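Protein chains in written order, with my numbering: chain A, 710 to 820; chain B, 18 to 131.
Be a bit skeptical, because a hint or two may be false.
What the hints assert, rightly or not - Once the Cα atoms are required to be at most 20 angstroms apart in a straight line, the calculated SDA-like pairs of lysine to any residue come out as: (1) A/K780 x B/Y56; (2) A/K712 x B/Y56; (3) B/K86 x B/Q99.
To be verified - Among the chain A residues that face chain B by a calculated CB cut under 8 angstroms, a handful are: (4) G749; (5) L752; (6) L754; (7) K766; (8) P770; (9) G772; (10) E778; (11) L804; (12) I809; (13) F811; (14) G812.
Just so you know, these hints were derived from the structure itself, not from any lab.
Just so it is clear, the structure is predicted and the values come from calculations on it, not from any experiment.
We treat Cβ as the ideally placed atom computed from N, Cα and C, and that holds for glycine.
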Amino acid sequence: DVKVTQSSRYLVKRTGEKVFLECVQDMDHENMFWYRQDPGLGLRLIYFSYDVKMKEKGDIPEGYSVSREKKERFSLILESASTNQTSMYLCASSLDPRTIYFGEGSWLTVV
Amino acid sequence: AQSVSQHNHHVILSEAASLELGCNYSYGGTVNLFWYVQYPGQHLQLLLKYFSGDPLVKGIKGFEAEFIKSKFSFNLRKPSVQWSDTAEYFCAVNARNNNNDMRFGAGTRLTVKP
């Protein structure tokens, strides 16, 4: 079974803090994704990566950056967290992008 | 880029009622279409997907969806819902020529009353 692991399930951070959300997949997938999920807005794509050190902006990249130094790991970085970044963050990976596997999500609260 | 609209934000049904959740997408090219489900406290799971061929697709747990190209629609159906179908349902689409770009609808919350 494919496993996509998000290391932090629940985080509470202060405004202005730098936040790292880590995601690891164990199936040698080329593609990895970060979404945020908000009520009434569904999942919105923040960034995706199709190879090591490669990244593409999604719909809402502002306020975020990503890092993909190794194939299995895709990190989402909030350089200076703000309250409007309080959300559920979902990582996903795929080999064939028609089949995407999701992690369990990271609940981030910024106070 | 492609976009997805789900018209119903919250649907409430009694057990054994029939279900149809609407999904429309906008994109001029060829697409792959998906329905995902998220049960309370759980991660997203794939219900069914359409790539090509028979436009009527059957998924897990008795769900099916029909791709109607002329209407840019991919509605989800189930003839008789159960209390355990209470969940949030997301329609998603990616373009065949840009498979990395998966876009989701806003989701429909389904509540099934026992």
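Going through the hints against the structure:
Of the pairs offered as hints, the one joining A/K780 and B/Y56 is violated, with about 30 angstroms between alpha carbons and a cut-off of 20 angstroms exceeded. Restraint check for A/K712 and B/Y56: satisfied, since their Cα atoms lie roughly 18 angstroms apart, inside the 20 angstroms limit. Only pairs whose Cα atoms come within 20 angstroms are accepted, and B/K86 paired with B/Q99 is rejected, the gap being roughly 30 angstroms. Given hint, A/G749 at the interface with chain B, holds; its Cβ is 6 angstroms from that chain's nearest Cβ, closer than 8 angstroms.
Checking A/L752 against chain B: minimum C-beta separation of about 4 angstroms stays under 8 angstroms; hint holds. The beta carbon of A/L754 is positioned within 8 angstroms of a beta carbon in chain B (closest approach about 7 angstroms), and the interface hint is therefore held. Nearest Cβ of chain B to the Cβ of A/K766: about 11 angstroms, over the 8 angstroms cut. The hint is violated. Checking A/P770 against chain B by beta carbon gives a least distance of about 13 angstroms; that is not within 8 angstroms, so the hint is violated.
Because the beta carbon of A/G772 sits about 20 angstroms from the nearest beta carbon in chain B, more than 8 angstroms, this interface hint is broken. Because the beta carbon of A/E778 sits about 19 angstroms from the nearest beta carbon in chain B, more than 8 angstroms, this interface hint is broken. For A/L804, the shortest C-beta to C-beta distance to chain B is roughly 11 angstroms, which exceeds 8 angstroms, and the interface hint is violated. Evaluation of the A/I809 hint against chain B yields a held restraint, the C-beta minimum of about 6 angstroms falling below 8 angstroms.
Look at A/F811: its Cβ gets to within about 4 angstroms of chain B, closer than 8 angstroms, so that hint holds up. At a threshold of 8 angstroms, the smallest CB-CB gap from A/G812 to chain B is about 7 angstroms, leaving the interface hint in force.
Figure legend: structure checked against the earlier numbered hints; hints not met, in rising order: 1, 3, 7, 8, 9, 10 and 11.
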